[in-house]
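Could you put the whole structure together from the sequences, leaning on the hints where they help?
Going by the working numbering, 373 is the number at position 370 of the sequence shown; the sequence numbering is gapless.
Treat the hints with care, as some may be off.
[To be verified] Simulated restraints, written as ranges between beta carbons of each label pair:
| # | residue 1 | residue 2 | range |
| --- | --- | --- | --- |
| 1 | Lys341 | Ser203 | 49 to 55 Å |
| 2 | Asp727 | Gly450 | 30 to 36 Å |
| 3 | Gln407 | Lys341 | 31 to 37 Å |
| 4 | Lys22 | Asp78 | 20 to 26 Å |
FYI, nobody ran anything at the bench for these hints, they're computed from the structure.
Please read these numbers as outputs of a predicted model, since none were measured by experiment.
All C-beta atoms in this analysis are idealised placements derived from N, C-alpha and C, irrespective of residue type, glycine included.
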Amino acid sequence: MTKNLIIVESPGKIKTLSKFLGKEFIVEASKGHVIDLPPSRFGVSTENGFVPDFHVVKDRKEVILKLQKIARTVDRIYLAPDPDREGEAISWHLANVLNIDPLSECRITFNSITREDVLKSLQNPRSIDFPLVNAQQSRRILDRLVGYKLSPLLWQKVCLGLSAGRVQSVAVALICTREKEILAFVPEEFWTIDAELKTSANRKFQVKLVKQAGKKTTVPDKASADKIIEAIKKAKLSATSVNSRERRQTPPPPFITSTLQAEAAQKFSFTPRRTMSVAQKLYEGVELGKEGQVGLITYMRTDSVRIAPEGLAELDEYLKESYSSEYLLKTHRQFKMKKGAQDAHEAIRPTSVMRTPEKMAAWLKPEQLKLYSLIWKRYVASQMAEARYKVVTIDVDVEENLLQASGTTMVFDGFTSLYAISREEDEPAEIDTDGKQKLPPVEEGEGLQLCSVNGEQNFTAPPPRYSESSLIKTLEKEGIGRPSTYATIVDTIQQRRYVHKNEGRLQPSDSAFVVNYILETCFADIINPGFTASMEGYLDRIEEGEVDWVHVLSDFYEPFVKDLKRAETEIERVQIPSDMNCEKCGQNMVVRLGRSGKFLACSAYPACKSTINIPEELLLFANGMPKPPLAIAALLEQFGTEEKGDSEPIDEKCEKCGAAMHIRTGRFGRFIACTKYPECKNTRPIVKDIGVGCPKAGCNGKMLEKKSKRGRLFYGCSNYPACDLTTWAKPSGELCPECSAPLVWHSTKKSGKYIKCSGKGCKYKIVPEGIENDDQEE
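Written out as structure tokens, the structure is:
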């Protein structure tokens, strides 16, 4: 009997394949790469055409010996690693160690681990795709050039343990740029105006101000808002126009890697790494009782929304059996491919749509069922009819102000009967609620009665920090990285302490800012998204056989080496003198960075080894290299440098568990905490009563001194959230007689201390007599 050896990449596929291949096939796994660049040496001959010095991976020696032993006993060998660049390179390396002619028909690929796909691939073997191998090898060498040349520079100029990477550094740069935008952001006041109106039939509905003088504008301050509110109160209201239209909603395409990661993060709080791990198991196969181990989804590393014809044929059959004709399409829906998509594999879909989530529930773990259901529903919904809505808008003109009500009623649920589209992650929540009210019947020209009108003070918000999924979405949009690398990029920048999660969002460390500063100064191309995307484009062209890989590497390396030499001489070691002296020897303390973060070190080191830790949250390098001496003493005093164990009892009970509360002192100052910690983690900040009443009309609250999440002082009403009055400057407790905005204390060297209006554009101020010019500043 003829014996065949099939070598796959992952051991998880062995059982699934063995189930339907029969006794004439032996299935083994390479367990990933068997050949690679050496881990502790550069391993690339830049003077000799970038020839890589490949070596057997240390942990794969036994794997190779086992495969070589089996190879001598079989009639034919099929190389079946994953259907991508990495898989093609692994196939080439396996061909070398097993003495297989790479030009022979030894390579097979399948997009799903099903009997049909695998048997089809065995009937159509091919030779090794060398342009694909060259693309992988070029990517590997590019990453080695950047990593092995830049990292020693960072060790020399900053500290040991830092690293730079061709794609990793771009991701860090994006996060640093966003953080700078947040730190530089100045909130601007604006007001929203809402009113409740009543029809002649006593039916109420809500309207809001949407335009002024025919344009979408914002109401800048209270004075402007009050003026509009007064006009609304005096006006004779009627429905200026009533319009009705139909809105159609098209289902999204089946998942690709990035959209699956984003949706799983939105709906299940899965990290990209967790999503890919669960998807890998669904792809490799799950035990389904008598069926044995079955691959449930197609290959999960893809940027294509294409669906294979056999998949569409089965989906048509399922939809006809499960839904009435109004939910069906006359022709298949085609989705537009994004620019730069490789389209090597189809979209992520179930291998059989007949395996519904309900049928799979008994065999899947909870997280597997969640992800499988998501993939299955999105795939089925992609070929269902659109949802249709009736949208009614009622316009009410008041002078130059347009008040509008919007109501949406579903006419036909279409695909939404199966799959609900998630709100965009960073989309304002209020967009989700617009048009949700059910409007009463209103005729054009019908008189309306005002029930109430309200103005609400708001402040513009800074751009949000990236989440893992929104960073991946940005990388994909910019053409940086590939589906197989997104999760790795996000993991790497966290493992190397360049970023950490703060309330689920990615916040950069000072190490990130320092490295980014060095790269910005001397290696602008390395962190330029456009340049990195163009390199990805060159790798795609190498894969297509359009350009020579050695020329691409040479064009990159020559200017890179020049930048490297310049950086070695121009960049100074990061060691910033501070305004503090060593308590042990009296020498100046300098700010340095280490593997565990930043710290103050004695400049007399190694004679004196005194150090002081600096809190990671205290960013010193966000705006570049600070000028010496760095005023660190006051910053450390504000943040605190060590946690103290003593506590102060207070006469309060924990609202969560009923235990006593006490005052503790942490590295960010004093706070109130539950005595049952860590069983109960209830805490709240200590607020200071400044002895001033809230000036807002009808409010009997007191103004309190508080701290924002970033440690900045502000003042807010004790009746929050019923009263949302806040100011950055200390309030005087009065309102401006000219615009009704809160009056606040202000101080300048020239005028001393005085009271001024906080309203935008209002110049009203009072200079009190007999007030000493102390520390009261804005």
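Here's how the hints hold up against the structure:
Taking 49 to 55 Å as the suggested C-beta distance range, the pair Lys341 and Ser203 conforms, at roughly 52 Å. Distance hint for Asp727 and Gly450: a CB-CB separation of about 34 Å, consistent with the stated range 30 to 36 Å. At about 35 Å, the beta-carbon gap between Gln407 and Lys341 stays in the expected band of 31 to 37 Å. As the Cβ distance of Lys22 to Asp78 is approximately 22 Å, the hint placing it in 20 to 26 Å holds.
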